[in-house]
Amino acid sequence: MPSSAPGKVIIPPHEHILTVQEALEPLYQKLEQEVETRLVEAAVDAGWSPYDALNAIDQLKKHDGQ
24 MPSSAPGKVI IPPHEHILTV QEALEPLYQK LEQEVETRLV EAAVDAGWSP YDALNAIDQL
84 KKHDGQ
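Quick note: the sequence shown, position 43, residue 66 per the working numbering, numbers continuous.
Keep in mind the hints are simulated off the structure, nothing from the lab. Idealized CB from N, CA, C, for every residue including glycine. Some hints could be false.
Claimed, not checked - Label pairs and their calculated CB-CB ranges:
{"hint": "1", "residue 1": "Gln44", "residue 2": "Ala79", "range": "24 to 32 Å"}
{"hint": "2", "residue 1": "Leu41", "residue 2": "Gly70", "range": "15 to 23 Å"}
{"hint": "3", "residue 1": "Pro35", "residue 2": "Val67", "range": "32 to 40 Å"}
{"hint": "4", "residue 1": "Glu48", "residue 2": "His86", "range": "35 to 43 Å"}
{"hint": "5", "residue 1": "Thr42", "residue 2": "Ala79", "range": "49 to 57 Å"}
{"hint": "6", "residue 1": "Pro73", "residue 2": "Gln52", "range": "18 to 26 Å"}
{"hint": "7", "residue 1": "His86", "residue 2": "Glu64", "range": "18 to 26 Å"}
{"hint": "8", "residue 1": "Pro29", "residue 2": "Ser72", "range": "19 to 27 Å"}
{"hint": "9", "residue 1": "Gly88", "residue 2": "Leu41", "range": "34 to 42 Å"}
{"hint": "10", "residue 1": "Glu55", "residue 2": "Pro29", "range": "35 to 43 Å"}
{"hint": "11", "residue 1": "Ala65", "residue 2": "His37", "range": "42 to 50 Å"}
{"hint": "12", "residue 1": "Ile33", "residue 2": "Trp71", "range": "49 to 57 Å"}
{"hint": "13", "residue 1": "Tyr74", "residue 2": "Ile40", "range": "53 to 61 Å"}
Starting from the given sequences, assemble the full structure and let the hints guide the process.
Okay, structure coming up:
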């Protein structure tokens, strides 16, 4: 039987409480927010208004969802 580090408990896969999606969703949402913030900043730096930048991002999201 393989030994684990002292004091560490390894939980078998069938006893995991979270699904992979539940575990990754907060990270994905954080990254998505960071990307959107950077896109708006870049657009504003290029002379766009924040309103126009957000509208463009929304249009891109709609286009990607098709």
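Here's how the hints hold up against the structure:
no.	hint	verdict
1	Gln44 x Ala79: 24 to 32 Å	holds (29 Å)
2	Leu41 x Gly70: 15 to 23 Å	violated (44 Å)
3	Pro35 x Val67: 32 to 40 Å	violated (50 Å)
4	Glu48 x His86: 35 to 43 Å	violated (23 Å)
5	Thr42 x Ala79: 49 to 57 Å	violated (34 Å)
6	Pro73 x Gln52: 18 to 26 Å	holds (21 Å)
7	His86 x Glu64: 18 to 26 Å	holds (21 Å)
8	Pro29 x Ser72: 19 to 27 Å	violated (59 Å)
9	Gly88 x Leu41: 34 to 42 Å	violated (26 Å)
10	Glu55 x Pro29: 35 to 43 Å	holds (39 Å)
11	Ala65 x His37: 42 to 50 Å	holds (45 Å)
12	Ile33 x Trp71: 49 to 57 Å	holds (51 Å)
13	Tyr74 x Ile40: 53 to 61 Å	violated (42 Å)
When each numbered hint is compared with the structure, violations occur for hints 2, 3, 4, 5, 8, 9, 13.
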